[in-house]
Structure formats: structure tokens, C-alpha cells
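Since the structure of chain A is already known, use the hints to place chain B on it.
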Amino acid sequence: MPHPVLELRSLSKEYPGHKAVNNVSLTLERGGFYSLLGPSGCGKTTTLRMIGGFEQPTSGDVLLDGSIVNNLKPYQRDVSTVFQNYALFPHLTALRNVQFGLRERRAKDSEPRALRALDLVQLTAKRDSLPAQLSGGEKQRVALARSLVLEPRLLLLDEPLAALDPKLRKQMRAELKAMQRKTGITFLFVTHDQEEALSLSDKLAVMNAGRIEQFGTPEEVYLRPATAFVAGFLGAINWFGKAGVRPESTRISRQLPAASECRQGAVESTLFLGNCVHVNVRLEAGDRVIAEVPREDNTFSEGETVWLHWQPADEMRF
Amino acid sequence: MKLRSAFLLPARVWMALFFAAPLAIVCAYSFLTRGDYGGVEQPWTLENFTRLADPLYLAILWRSVWIAGLATALCILMGFPLALFISRAGKRKSLYLQLVLLPFWTSFLVRTYAWLFILRDTGLVNTVLTGLHLISTPLPLLYNDGAVLIGLVYNFLPFFVLPMYATLERLDPALLEAAADLGARPLAVVWRVIVPVSAPGIAAGAVLVFIPCLGAYLTPDLLGGGKSVMLGNLIQNQFTTARDWPFGSAASLVLMLASALLLSLLMRSRVAKEIM
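Residue numbers (my numbering), protein chains in the order written: chain A, 11 to 328; chain B, 12 to 287.
Bear in mind the hints are in silico, worked out from the structure with no lab data behind them. Think of the CB as a built atom: it goes at the ideal place given N, C-alpha and C, for glycine as much as any other residue. There could be a bad hint or two in this list.
Stated by the list, open to error - The list that follows gives simulated cross-link-like pairs (lysine-lysine, BS3-like), each with its CA atoms no further than 30 Å apart:
{"#": "1", "chain 1": "B", "residue 1": "K13", "chain 2": "A", "residue 2": "K83"}
{"#": "2", "chain 1": "A", "residue 1": "K29", "chain 2": "B", "residue 2": "K102"}
{"#": "3", "chain 1": "A", "residue 1": "K213", "chain 2": "A", "residue 2": "K83"}
{"#": "4", "chain 1": "A", "residue 1": "K180", "chain 2": "A", "residue 2": "K118"}
{"#": "5", "chain 1": "A", "residue 1": "K29", "chain 2": "B", "residue 2": "K104"}
{"#": "6", "chain 1": "A", "residue 1": "K29", "chain 2": "A", "residue 2": "K177"}
{"#": "7", "chain 1": "B", "residue 1": "K238", "chain 2": "A", "residue 2": "K83"}
As the list claims (entries may be wrong) - Short, incomplete list of chain A residues facing chain B, as computed with Cβ under 8 Å:
{"#": "8", "residue": "S90"}
{"#": "9", "residue": "F93"}
{"#": "10", "residue": "H101"}
{"#": "11", "residue": "T103"}
{"#": "12", "residue": "R106"}
{"#": "13", "residue": "F110"}
{"#": "14", "residue": "G111"}
Claimed, not checked - Distance ranges between label pairs, derived from CB positions:
{"#": "15", "chain 1": "B", "residue 1": "L19", "chain 2": "A", "residue 2": "S139", "range": "18 to 28 Å"}
{"#": "16", "chain 1": "B", "residue 1": "S280", "chain 2": "A", "residue 2": "E258", "range": "51 to 61 Å"}
{"#": "17", "chain 1": "B", "residue 1": "S275", "chain 2": "A", "residue 2": "S50", "range": "25 to 35 Å"}
{"#": "18", "chain 1": "B", "residue 1": "P92", "chain 2": "A", "residue 2": "H28", "range": "31 to 41 Å"}
{"#": "19", "chain 1": "B", "residue 1": "L198", "chain 2": "A", "residue 2": "S20", "range": "45 to 55 Å"}
{"#": "20", "chain 1": "B", "residue 1": "L272", "chain 2": "A", "residue 2": "A142", "range": "24 to 34 Å"}
{"#": "21", "chain 1": "A", "residue 1": "K83", "chain 2": "B", "residue 2": "L150", "range": "43 to 53 Å"}
The shape of chain A in the complex, shown without the other chains:
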């Protein structure tokens, strides 16, 4: 059986006073799109930097293709990183940036290969531009091409979309996914944006306070979160006592519903979100919950007494 492309065994990183990464174990199979998702400070970037070789683990092992690489320098590891602010070499043109790693490897055909990589990210026209002359999205593509051209075993992406404006971010998201499928390179994508992680990943690891709380497919972590943290981080959640229900699974009606469990409350406000409407309801017990309803069903007005109910299958308990 082939080795997994990456294996983390009980990986920890301690700084004076706090554990940035706490006993993280993770296995990535070849050719997948994986994400590390978590709030800032959860240890996801530190984990990525240990894989890239920029930080030394305090304990535990990093294995690439079955061999321990803990003591290998970044330039000795067959992984490549797309940095958050791209880290393009300002003195080199787009083409020379992409050629950088190939030249370091003394590849004879570095120019044609770099040109093919630029073509892959649709930047052939900008081959002679310096980074300062490129837009954010273009810089992003050069950084991607610069790493992809080396055909690494594993591509690490450190919040690569965070610096882009929202519209461009969505477009680059689709392109990233397409690029991963096209090249077959394993991607490990670090992000704090749950929508990004859910839409891109084959599997994602949700991190909190240095630990992985859950590792699974987007459906698994969204619909069957292992912990209350995962449930809350991946989307809004309504708490009805110990039961958590997503707003889109929370039904709202004016009559007492024929459901096993329901709660009465008063409409506080309605929020028009374009594609749907959020009805904010204050329960009798005092908790606030949200029911997401289709635009055309929004006939609720402030102060109105309503009933909230849900399907037992949509209920999460921890």
C-alpha cells in the first residue's frame, strides 16, 4: 500500500507560555484537496509552517511519503508553499519568479516549463511584468504558478485568498479547485473562512486552540459536527436547550405545529439578505434564535408570536 502523502504524528509546538499546536495527528491521501480551518490563533498556520519546514516541532513527527522530515530544511523538502502575501520576488518579472525554483534545481528547460505554468494560470501576457505592476489576483496566480511548476508532492496554501476582494476571492476559489483537479497535486489549504473550506475541500480539519476537533468531509463536519465548537464555527446555530439546530433547518409557523418539540417566541426583527430572510425570534426562555425562510414566505412582522420547530434528524447534540 502506498504511503499517505503527508502524515502528522502527535505534532506539537510549544512557545513560552502557550501551546500553539497540541498533539495534532492527520493523514492526507495523495491527490486530495484538504483544508485546515479554524479561527486566528488556532494553530493552523503554525501546523502549516512545521510541514513546510519553517518551524521545528517541539514533539511529534512530520512524514512525507512515509519518511520523517523533521530535520529537513525547507529547501530539502518536496513541498511548496503559497504565502499569504504571495512573497513574490520584487526584482524579478513574473516569468523569472516562476523560474526561480527550476533554476535552483538546475533544470535545463526552465523557461518553457515556466511559460507553461504561466499559461496554466492564464498569465502569459504578464510574463515580463514586475510584481509591483500586477494586481492582487495576478500576484496570486504568479505565486501559484511558481509553486505548481515544481510539481511538489504537497502544495501548502496559507490563507492565499485573504488579501483579495470578495468578488475576486470567489473567482480564485473556483480556479484553485480546478487547478488542483487538473494537476493532481495534493493541496493543503489553510483558512479561517468556513465557506471557503466547505466549498473547496474533499476533507477538512477543523482546528481550535491547537487541536484538531474534527476531520471529515464538508458534509460530515457541517451536518454532523463532532463538537459544539465545530458546529458553531461552520455556521450559525440555534440553541434550544441542549439541542442545536441550523437556522435553515429551523421552521417557523403561526400555528402550534404537530412536531415532537417546539418553542414559542416573539419576532424581534427580520433581516432581508437578498436570497433569503432571517427572522430573529426571542424565545420565552430569553434565548435568541434565527429562522431562515425563503423571501416569499416572509410574512412575519415584529412582535408577532410564532412557533419554532425542527426535524429530529436536523438536531445536533454534544
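Chain B only, in chain A's frame:
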């Protein structure tokens, strides 16, 4: 009077009296004829400038450029690694910067004299070497170009290290990580990323060393003896022993214009951003 003008007044008066006025005098003198006992006389002439084209003076000019260039090269060779080291020294940065600035605690003159005591025949180096019986006769360390070079590099090294440090300090560490990530070993990171990205800082530091070295007169005077004449010594001689003020003024002007030209080239390039 506006507050802004009031604040600027002392500096304006100072600069007018002690910079603009003397400069105008030097400028005027350079077109006059020398007096018999120093001073200047009519008629107006261009002869002082044409005399500078004399092979004797061209040789001095060339020599000054050569020695100043060599001193600058040595400052780059020693200062760049030093600045790089300090910029990566973490908590110790300020300590090392203090050490670089330490020589400024004593006067330039005292520091240059100190080299006399180190390099002369009965100086520190020769005493130690003869004491160890490594040499029988003292090495000729003083009163030659080598001594001048040592003095210039010693005095002007901090002028290179400080701007170089400022440039390297601002270098995005992610660039170095990206280079290593793409397979560059440490030495390749220095050559392929750090040096080219910090080139404007290197140029800025080099000019800051080259210009004062070109006009140096105290160091070549003290450490070079009479033998190692640079442009600065030529100018000094014209105003003292030679009593040829117009020619000294002309040489001063040429030196000043050359420096100004070099500086304006620097300011126009992207180098300017590094020292501004």
C-alpha cells in the same frame, strides 16, 4: 511673520552666513588670479580650471577616485555581511548597533591618531610581531596607501552599515522563506534574493562612503604621510603652503560638483527611497 518662518529663521541665517556666503566666495575666487602673498587679485580667468586638466592633477584626481573606490568596496565587503548579521540578530540588534556606533564616542581626529600608534614602526603591531620574533625589522605599515585605506575604511564603515541595516531590516522575511521553500540554499538566498532586493541600500551606503572618502584630507595627511596625496590634500595645500587660493577654490568646486552630481543621480534613482 508666520510661525513656520519664525522656526526656520535661525537655520536660514546660519546657512546663509556659513554655507551660502562662503560657497559664493569660493566660487568667485576660483575665477580670479592668485595674489603674491596669498589672497586673490584681478583679472578674472578660467585658468584655474584648465590647470586642473594638467596630468599631474589628473593623476591625483584618479588616485583619489581609486583609493575612495577601494575603500568603498572594502566597506561593502565587510559592511554587508555585518549589516545582514545585525538585522537577523533578534534581541541583540540594538546592542550590536551601539557597538557599530561606539567609535563615534571619540573624535575623528583622536581615532585617526590612534592608528598612528598602532601602525608605526614602534607601534602595537610591530612591537608584538618583533616580540614574538616573527619579524626582525618592523613592517612598513604606516605612511602608505594601505594605511590610508585602513584609516578610511575604519572611519567610514558605520556610514555604510547603518543605511544597509535599515534596508535589510525592512526586507520581508517571507521572501527569504519563499526562496528557501523553492529550493534555494542559504548562500543562494543571499545572492539571488537578499543582494538584488537590497541593491538600492547597497548603492546608498556606497555613495555615503565614497563621497566623504573622495574629499578626505585628514586621513591621507596623517596616515599617508606626504606620499599619499589625495584631492583633499591638494586643496588644503593650495590654501596653506602653496598660497594659491584661486586654484584651491577651483579644485574644491570641481570636487563639490562631482559629489553633487553623484548625489543627484542617487536621488533620482529608486535608491533615494532607501535613505529618505
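Hints, verified against the model:
| no. | hint | verdict |
| --- | --- | --- |
| 1 | B/K13 / A/K83 | 62 Å, violated |
| 2 | A/K29 / B/K102 | 22 Å, holds |
| 3 | A/K213 / A/K83 | 28 Å, holds |
| 4 | A/K180 / A/K118 | 37 Å, violated |
| 5 | A/K29 / B/K104 | 27 Å, holds |
| 6 | A/K29 / A/K177 | 36 Å, violated |
| 7 | B/K238 / A/K83 | 54 Å, violated |
| 8 | S90 | 6 Å, holds |
| 9 | F93 | 5 Å, holds |
| 10 | H101 | 5 Å, holds |
| 11 | T103 | 13 Å, violated |
| 12 | R106 | 10 Å, violated |
| 13 | F110 | 5 Å, holds |
| 14 | G111 | 4 Å, holds |
| 15 | B/L19 / A/S139: 18 to 28 Å | 44 Å, violated |
| 16 | B/S280 / A/E258: 51 to 61 Å | 59 Å, holds |
| 17 | B/S275 / A/S50: 25 to 35 Å | 47 Å, violated |
| 18 | B/P92 / A/H28: 31 to 41 Å | 35 Å, holds |
| 19 | B/L198 / A/S20: 45 to 55 Å | 35 Å, violated |
| 20 | B/L272 / A/A142: 24 to 34 Å | 28 Å, holds |
| 21 | A/K83 / B/L150: 43 to 53 Å | 45 Å, holds |
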